[in-house]
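Engineer: Sequence:
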Amino acid sequence: EGGIHSPAIVQWNSGLSSNLVGQLTDQVGDVRDLMPTLLDLAGVHYPEQWADLTGQEYAVLAEQGTSLAQFLSSGELLGDRALGWAHEGNRAYRVGNWKIVSSNFLGTDGTAADQWEMYDLGVDPTESNDLAALPQYAEQFAQLLAGYERWAYQTNVTSILPWSAADFNADGQLDQLDVRAFIGGWLQSAAVGSGATFARGDVNLDGVTNLDDFMLVRRAFGLRGVSELLQGVGTSLAVPEPSTSLLVWATACIGGVAMRRKRP
9 EGGIHSPAIV QWNSGLSSNL VGQLTDQVGD VRDLMPTLLD LAGVHYPEQW
59 ADLTGQEYAV LAEQGTSLAQ FLSSGELLGD RALGWAHEGN RAYRVGNWKI
109 VSSNFLGTDG TAADQWEMYD LGVDPTESND LAALPQYAEQ FAQLLAGYER
159 WAYQTNVTSI LPWSAADFNA DGQLDQLDVR AFIGGWLQSA AVGSGATFAR
209 GDVNLDGVTN LDDFMLVRRA FGLRGVSELL QGVGTSLAVP EPSTSLLVWA
259 TACIGGVAMR RKRP
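Taking this note's numbering, the leading residue of the sequence shown gets 9, the next gets one more, and so forth.
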């Protein structure tokens with residue numbers, strides 16, 4: 009699986025749960041979990057900024073990964089994980105046992121380059137039975153694809169805004185639940201963006217749900233063809249409904265670096 013299905017060996021003499029000592033576990037983890045796990049175990053907060061040798065300060069990227077500290081100390085599984093990968097044109101996205109994957113080359117079985125495949129790892133760990141084209145799995149495939157597109161946008165794999173960028177509860181659709189999440193998170197802020205800030209409407213993962221996110225939400229709902237769900241939202245947030253000219257200007261700005269989160 010190109011390095012994304014590898015075992016991990018953990019030694020933690022004084023802290024590892026007795027339920028895990030000498031045992032194998034199906035808990036899914038990722039290299040991106042290492043930093044939040046170690047910070048958690050050390051009692052250190054995720055940094056809000058960093059400085060180079062000259063003293064110049066920079067904003068940090070949104071938090072990536074999930075701390076495994078609770079799992080390691082208690083042995084209780086964390087449940088399904090959503091993980092995305094992209095490397096040299098190869099792509100994959102996994103939620104629980106479901107996984108979609110595409111390669112940047114023609115497969116030996118005739119699978120076209122960049123064609124998505126889907127597998128149920130719970131019954132098919134060797135990825136032998138592609139379910140992507142089967143009608144009975146169409147909804148599952150669509151939800152995974154939407155998740156990958158959202159992850160790719162959030163991590164700057166692509167600058168193309170997908171409709172799923174506003175799917176705040178990651179259920180594969182845009183509806184009133186997402187609208188309520190955005191309204192409930194309006195003007196809430198954190199020093200650093202994360203999955204938690206996204207769940208309350210922080211589309212661009214800068215830590216705060218504000219007008220920048222509102223403009224992105226409007227675009228995402230428009231892409232999905234459900235703009236009517238946002239009717240009156242701007243008024244309820246005391247945000248002026250933008251004119252057509254303002255929308256054009258904002259769309260151009262959001263597409264550029266200025267409206268995206270800071271990068272080092």
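By construction, these hints were calculated from the structure, which means they are not laboratory data.
Quick caveat: nothing in here was measured; it's all calculated off a predicted structure.
Just so it is clear, CB atoms sit at the ideal spot from N, CA and C, and this is done for glycine as well.
Each hint should be verified, as a subset may be incorrect.
Stated by the list, open to error - Pairwise CB distance ranges, derived in the manner of DEER restraints:
id: 1; residue 1: Val18; residue 2: Tyr145; range: 28 to 38 angstroms
id: 2; residue 1: His53; residue 2: Val165; range: 19 to 29 angstroms
id: 3; residue 1: Asn98; residue 2: Gly63; range: 32 to 42 angstroms
id: 4; residue 1: Leu231; residue 2: Asn137; range: 26 to 36 angstroms
id: 5; residue 1: Ala204; residue 2: Leu24; range: 40 to 50 angstroms
Engineer: All hints, please: hold or fail.
Structural biologist: Evaluated hints:
1. Val18 / Tyr145: 28 to 38 angstroms: holds (35 angstroms)
2. His53 / Val165: 19 to 29 angstroms: holds (27 angstroms)
3. Asn98 / Gly63: 32 to 42 angstroms: holds (39 angstroms)
4. Leu231 / Asn137: 26 to 36 angstroms: Hint holds: Cβ distance 32 angstroms, inside 26 to 36 angstroms.
5. Ala204 / Leu24: 40 to 50 angstroms: violated (27 angstroms)
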